[in-house]
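S.K.: Fit chain to chain and form the complex, with the hints in mind.
Residue numbers (numbering that gives the first Met the number 0), protein chains in the order written: chain A, 0 to 207; chain B, 0 to 699.
Mixed in with the good hints there might be a few duds.
Computed footprint of chain B on chain A; a stretch qualifies when at least three of its residues, placed anywhere within it, have a C-beta under 8 Å from a C-beta of chain B [as the list claims (entries may be wrong)]:
1. 37-50
2. 54-68
3. 97-107
The set of hints was computed from the structure by calculation and includes no laboratory data. We put the CB at the ideal spot given by N, CA and C, even for glycine.
Residues per chain, in single letters:
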Amino acid sequence: MNVIARSLGLTWVAEYDHEHDRAASALSGFWLFMMSDLIIFGLMFATYVTMLTPMSFAGGPTPKELFELPGAALETAALLTSTYTFGMASLAIKFDRGLGKVKSWLLITLALGLVFLALEIREFAHMVAEGAVPQRSGFLSAFFGLVPLHGVHVTAGVTWLVMMLIQINRTGLTGSAKSRIARLALFWHFLDLIWVGIFSVVYLGGIA
Amino acid sequence: MSHSFWSLVFGRLDFDSLDFLKAFFHPDLNDVIVSGASWVVILGAVVTAALLTWFRLWGPLWSKWLISVDHKRIGVMYIVLALIMLARGVLEGVVMRAQQADGLHGGFVSADHFAQLFSTHGTIMIFFMAMPFLTGLINIVVPLQIGARDVSFPMLNSLSLGLTVSGAMLVMISLVIGDFSTGGWTAYPPYTEPDFQPGAGVDYWIWAVTLAGLGSTLTGINFVVTILKERAPGMTLLRMPIFTWNALCTSLLLVFAMPPLTVAGLMLAADRYLGFHFFTNTLGGNMMNYANLFWQFGHPEVYILILPAFGVYGEVIATFSGKRLYGYVTLVIATMAIGFLSFGVWLHHFFTMGQDADVNAVFGIATMLIGIPTGVKVYDWMATMFRGRIRFSVPMVYALAFMVLFVLGGLTGILLANPTVDFQVHNTLFLVAHFHNMLIPGTLFGMLAGYTYWFPKVFGFRLNDRWGYIAAFSWIIGYFLAFMPLYAVGLMGMTRRTVSYTNSAFEPWFLVAGAGAFFVTVALVTLCVQLYVSIRDRELTRDIGGDPWNARTLEWATPSPVPAYNFPVMPHIHALDAFAVAKEAGFGYQEPTSYSDIHLPGNTWAGVIAAVFGTALGFGLVWHMWWLAWLSLAVLAVSLIARALLGDRHPVKIPATEVRRQYRAWLEKVRAVTPVTRALEWDHRNCGVAATEYFEEAAE
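Same shape as in the complex, but just chain B (with noise of 0.2 Å):
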């Protein structure tokens, strides 16, 4: 095979690519573990493949799920999406810890290998576990708590997780063939550009991040549409829950906030791809430019990423108080005025770069402005819990330590946010700590809170709690143990991204970071466990009635797990609250008078399609495969254009006979279960019907 037929077909791809085979050729302890990375990926894939065909669940996987419009189904494969990828981020990051805690003797991996770790450590955890994360949340929880049969526009809800899917897949692939960038998940040029970048690396970066940044797009535009046009009779803007509220202002954040990511990608890959001069330097480019660009989308960004969180925090308080949440509105508007300014202090993620002392400070102040919001919704999480009955469950405990955590974080930010500080301690790990406190505490922490807490809601029985607390205790130390230790190597002058250290003052602090590391590590772990025993316990903590934390949202109102259509007649709201009030006045499982028939969306194989030739279309770009590319472009515009014309051929009507027939079976159910009080709110006998135990003034 000549050489020139072989670059036609493979691009610049060679057998040195293929990271699986390093540690045969190269048997150092650094190339042992690249190759052990990547056959880990290649073994998951094997053992799932296997898996799957031994249980003969291939059918099931893809007509119940893969093909599936239901956004609750879309919800749970963001979240698998977000647990697999939490997975590999961890244990980069653990890995990282490791290096450290030996740094001062060098450590065990290369410089190289050190810089791609932290880059796609970052570049997995910002846009592949926690957008994922929040993306699958709002999937779930949004259209259930507006009273939507689903969202605004259901083929384009599976499309923008297939593009999600090709981000990450790009980001697997990139440990089994090829390296990553070293540039870090903010890939600044010039030093992305060719000139010292000129491998795959940075290329696996922009396409990954570009796919799924338009995945992220389009779900903004979803739910913006959803959040404003479906919802029920009666559900006003000011009655809708404190997690939609949040869900808007992300997806509106989304829609303005994801365009500057894609343009810094594609500038970045028309100078790498086409020899442009948007940021090199030479020929008049201006790395500031991108410097700006990115950060345009990076800052709202942080808060794409922390109000879904804010969100899920404002529904775990409110229900595990036993309260109304304490000033709504307030909360409301906070939230805005956080979406609002965000767009306005991207700057302060480079106070150092250039700029004239006036310009620092406005934005300085600008950055200080957004504690005053937050602060707002801190006292009003804290008055929720006053005179509250708190019952300390697992999501509770998440969201006790967020409160303190997360309080320590903000303040570390608000002296960051002062420019002549920031230029003492920034590019150090003093940074690091800070974000980490924001993103760890907030969004992990949140999520985490959110998945125990909806967990019953999509399944149909609760996660077990005796794991439940481990894991949130073993995150909450091993965060602690982990990231304290840095803000006072960064204070001591540590910068970040570094491999190793001479100086043997920070070597306690990185051994201790270290110890918080196992216990993330164990963190991880016990979440696994958590899973395993609750589905093999699931007989135990089955949730009938569907309300198993007597919650006060709408999505509480319908059965567990929620069937397709979500409601079986639209439900009309009254009130703020409205399951609450209702359950209040002795109302809360009422049977419809009649029932209509119900149209679903049909299934549709665009997820899958942009999945996978997603996928296809960035490998070619990256291996300059040419044919490959063009090809998996042709294949996408062909199959959407094909189905705008051909609209949606598959749609499903349920008739009301059938809704009836289901509705009425469950809840002579959930009359068969004894309801239970707060006291039993962890024991078998909690099938998910709450006894009114205690009033609290009704809303309105």
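Next up, chain A with everything else stripped away, as it sits in the complex (with noise of 0.2 Å):
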């Protein structure tokens, strides 16, 4: 009997607690879910480039004569600003500054965010005025197609803010919230990227 030499392949042993990693299965789970979106985002991109041609302008508005650096300036200030003061949020929630710094910074990108969005709109509304709408031409429709993807995005980063900023008014910093709050966090910093990818690429490229 060499029973004891083999090896036993498989014990039963009563269960540890396994609620500890149900953050970071959230928190990975959130990370797949960016990259799955970043494919979007990407696509989009990759969309928009292939219709920066005369073809796709089909005699319509072309990027030189539509885009102005101020005003995507002045977005970018925005976001990127925003950016910053999640930031300070997530540092108060890492250092125990209390309850109320937390909310004073959320509120603050909030607001950024809801700014950023004026402006955004303002923007379209400002294009569909001079007839520079998606039903134009082929690179209206992928200008169309990707930049107000990234506004919805940041409507649903706001929308989740406000919830935020509902459950730790009413329950204050649980481990939930903490959780939630930084996935928020990566989902926010996120869409800065992608901005600064569409400033980059549709407005800087588009002047240039």
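M.R.: The structure is reproduced here in structure tokens:
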């Protein structure tokens, strides 16, 4: 009998508490979601770039005629600052600076997000008034596929932020709230990165 | 009722859209078939509802299944969906084979109806048969194989199922109300733009595929995290069963390959609903963007379809050869290599659409490269069988048929990977024969092998083997007769998607293919008979011990059917094929020294809400019933936000004493069972406890 020398293969051990890695799983899942979402943005960028041809302008307005730096720069400033303020909120959570600090940084972030959306909507309205509508050309379709998609994401982020403010107002900074704010922060910074891409490719690239 | 009020409520839906009335207004053969199909759907729904009412099953159906978050029950629901859709898809295929068998004389269905048939057949078989089937198997098996309580996100799992169901519902509704797209399963614009197809058909395609695709993306995320985060202690990556490895690779592909489909679908929707010009002929649209986007999804998709089947074959061949898998690590590497390469070959789906020869050459070579890891797999499976003690069980018959036929199909794939050959045979039935050659012996046989293999684990009794063999051989013969002739007529120049032909040389081949369709129908009927007979005779095939095949991996160490909590306590894994090693050491059925309370997630309505309002959302969009679309979207959004704010309100706790009572009762039963040798595997004496007959070098 050399059973002892053999590997048992399988042993049954009473469970230890698995709850602690719920947050880690959720965070991993969210990373994967963002990777998937990044593919969507990547494809929208690719489509946009292929539509920067005279054929796709179809005699309509070109990027050079449409885009102007000041508006886009203001939007960029609002969004980049909001990423900074969200970072401050995350630090306030990390170093236990109190619920008040967290709430005020998140509120500032929310305000900046709304400013960004307002500026963006104003820009779209301006374009539509000039007749630069998505139905005009393939290029404009691609523009209105890419940039408002980012806007829709920011809207989702803003809604999420409002929900989180409601939650921490009701329950304080519980484990669940912290883990959700961590994911929202990730999302917010992700949207910022996408915007840097849009600013560089669409606006700077368009004017250059 | 004024016209404007009508259109406000019903959008563009009118009496002419009601397919089931067509036979009464235009009683020609084509319309009788159209109406007949919709009556089958209507009667099927009514009979199902009546039976559920008669047997008072609505309550259990709701509380045990529809709102369940148990991964095994969700998996079963996916497979039920897959089997229903398989029946429709096969029957559509049979109608097409019958039409072309008579195609020299014009046949009996109209060209438009034929186009709808091949569009729904393709869409259903890919998105609503193969995808739910493999997702169902992954759902049932993976958490058990890695020693997990459940998936990482059980509520999300239910939501994914709901979204998949809503897509399938839309395709079924299209049979009753309105026409489906005639643009094939790929829905290439500009033909699918409103200039050419203004009706509801393409919109059915868009929303069915988009909703189901969203569900699949979420499933992918769920299973990547589950496999990476929920493994039992000691279950290192290289101790994961091969099916789980394939499931991991499939899930990664789902995460990264579904977004292009979503993008392509939504861009097409923007063209159709909002007048955008992504893919139109005019004003700068570019349909090549669609071709690229679609196949950036479409090519990884074929590996999404085949990898889980490869996983099933790995388990089946090892188990029924009584050996550990040969070259486990090379199989893992081959799997991941296939997953990686699958993203770099999409252009071979449109070699003839205008790239220069150099680009085609690069993609042609990349395509041939995939043959290498696939070849590694085939050799590993053969080496696993070599000097094994092989039992020709039903799953093994599928596996062997697969190994022969899949290699044949792979070789025609290598032919097609050569752009110069592709220019000759593209858009012919040669291509149709090729991909059916991959998907039927590959995916479908794999899924059916998995269905037969894991059935006792889920339901506690084996499937009838006699009918299983009849079904398997009917599939094999039917496949052979139906598709081998298509290679020939394809080489002779018969284009695909053609309703009729004038070259009489084609006819004999199509008659043979028609005979094949008959055998495939027999196979489908046989599967139903098998299920009926198996349920009737379930007392003769009870799987009490939970290990009817003397199998190797962790899922077989649990009772059959598996309790909701899967494992009484955490299994600790010390080897690859841990259960086989434990059995060889004489420790197959141990009792844990202590137990602890088990926490399980509570049931959720998320899946049902997603299914009902997802369907309503799609239906509203298809028929321009904007109030319905907005309402459904609002319900979906509000219920998800509410769930996020409220959390899981009904978590379940199973006390340690209860777990111990159940597990001990099971161990009592197992000890009362006489272990059987493999000679009695299909005998009624096999109650799921395997006798130790032979030793094979333990893994480590």
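S.K.: Which hint numbers doesn't this structure obey?
M.R.: 3
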